[in-house]
Amino acid sequence: MVKRSAERLYLILIFLFLYFPIFVLMGLSFNNSKSRVIWNGFTLNWYKKLFQNETIMSAFSTTMTITFLSATIATILGTAAAIGISAMKKRNRTIMLGATNIPLLNADIVTGISLMLLFVRFTKLGLSTVLIAHITFNIPYVILNVLPKLNSVSNITYEAALDLGANPVHAFFKVVWPDIKSGIFSGFLMAVTMSLDDFSITYFTKGAGVNTLSTMIYTEMRKGIKPEMYSLSSLLFIIALILLLMINFRSDKKSKSLSRQ
Amino acid sequence: MKKKIIYALIVAALSISLFGCGNQKIDPNKLTVLNYGKYIDPKVIKMFEKETGITVEYEEYESPEEMYAKYKAGSIDYDLACTSDYMVQKLINEKEVLPIDYSNVPLVSNLNTDILKYAQSYDKGNKYSIPYFYGTVGILYNKTKVNTADVNSWNILFDKKYSGKIIMENSVRDTFVVPLKKLGFSINTTSKKQLNQALDILVKQKPLVYAYLVDETGDEMAAGNASLALCYSGEAGYAESLSKDLAFSVPKEGSDMWIDAWFMPKTCIHKANAEKFMNFLCREDIAALNFDYVYYATPNTAVYNSLDEKTRNNTTIFPSKEVLDNCEIFHSINEDMTNYYTELWESLKSY
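Protein chains in written order, with numbering that gives the first Met the number 0: chain A, 0 to 260; chain B, 0 to 350.
Keep in mind the hints are simulated off the structure, nothing from the lab. Treat the hints with caution; some may be incorrect.
Quick list of the computed label-pair ranges, beta carbon to beta carbon [what the hints assert, rightly or not]: (1) B:Met336 - A:Met95: 17 to 25 Å; (2) A:Leu8 - B:Lys144: 34 to 42 Å; (3) A:Met220 - B:Val202: 22 to 30 Å.
Result set (DSBU-like, lysine-lysine): computed pairs, CA atoms no more than 30 Å apart in a straight line [as the list claims (entries may be wrong)]: (4) B:Lys270 - A:Lys33; (5) B:Lys2 - A:Lys123; (6) B:Lys3 - A:Lys225; (7) B:Lys192 - A:Lys222; (8) A:Lys33 - B:Lys191.
Calculated Cβ distances over 12 Å to all of chain A for the following chain B residues [claimed, not checked]: (9) Thr54; (10) Glu61; (11) Ala238; (12) Ser242.
Computed from a predicted model, the values in this text were never measured in an experiment. All residues carry an ideal CB built from backbone N, CA and C; glycine is no exception.
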């Protein structure tokens, strides 16, 4: 009995540490005062102001553009790379995997500086340089998610499809795609989160006037972060939560229908 | 985190100077500006672009040290930048600043000549920079909790009555202003003996201190968590808007006056545009917009005269001439002194 309540307490504590800060932030987004410690009554004002604030909105749209473009491109490149790697011989495969994994382990700040040095040699820093940088560090995450799926798919069905007259592209989409779809999707989601989160690499590779949410918030520290940011963060959290619930429900249903079969 | 970024930028600066930059085409209708975060009304940039047809690439930073590192990294060619007094001086000393052609900035006549005089302390002859905002450092106090007769002296920050109720600045030079001025020394002293004396005072004060903070000071004071705070006048103005119990005073022993100013670094490739922008910032309606947005003291007399009496008489925002005359402006210090300050700071923090 004691053990059980101790377990409960432990779990509650963990959840508190994880979610309490977010609830504080959400609470502050409804606070009718700029201060972080004074409660001045409930208001939706910051939400209204958020959509009128051009600085935040433009940083938000830049963030979204970079995130989704880089995640999409990285997913395509990463999937292609994963297919290539899975078809390699064992030795080449280890070398390639090592090469693609290094950017994962490398400190962001080192990646950021080295990319910046490369970019300034050839071009002006701007939105496109940030995009290229993001694609670069997103690709390994996609490969890492797609490769295990590919390994569990046997090559026989794909070859059978070719024997039966399908061309490689057709065979890929009809036979391989359904099996690795979930891996590609989770790779894409991972790329989205990584890209959304990134500060260091963006900071070094961005040109003047290009701001994502993270770099914008950083420069605002000196004069205090605006409450509009609290409301934006709350909205982002809720959207992420809804997406997560939706995905979980879907996979739940699927596994149930599978087990029934 | 902050330090890491600054070091990384320095590393980058070295490597770029080794490899050199690629050739880039120059677009005459552009202007690259570097400024503190949230230090201009975004409308102002829009208006400037509309009136002149110049596209502004607007970049922000967080601290003067970061600005220096960012500029030195050289990955972006800045045409115009704004930073604090001692950093402007440091860049002038390093010959990194271009002189301003005042015939292109006629509206500088709007600026208060007194402030321009003070600015000479870091920019002799006002050759290189134009003041943007200014203010002081002083004591923000809670009228209901402290003896208001005592706030005109730094001594109140060492009064045992207020133990655990005092907030100091979490930055070395700002905090050293207090003991140096209390002892009657200059805030730009290079005498290690004087600095050691100052440190002794701060060490004795440490048990009374609630916390060393930077931008949370206003909030903490408004919430009543402390009764006295060493504070920038701008932050104090914000705190006073949160709580009626708060007031601000610059002690009679003197203090630090700060000026943030615009200058053109050597990387400037659109000099005419940069001067146009500085002139634009001096225009009355534009300076008024910026004043409303930032709410620090503006050196623009035209704006000052158009303000209502209540704002003009707000001595937190606009310190009187007597107070300013009693203040000093930070000078840039050499590497040796910087290291010494860092040492002192660390020994204070670890005490």
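Exercise. Of all the hints given earlier, name the ones this structure violates by number, lowest first.
Key: Going through the list in order, the structure violates hints 1, 4, 7, 8, 9, 10, 11 and 12 and respects the others.
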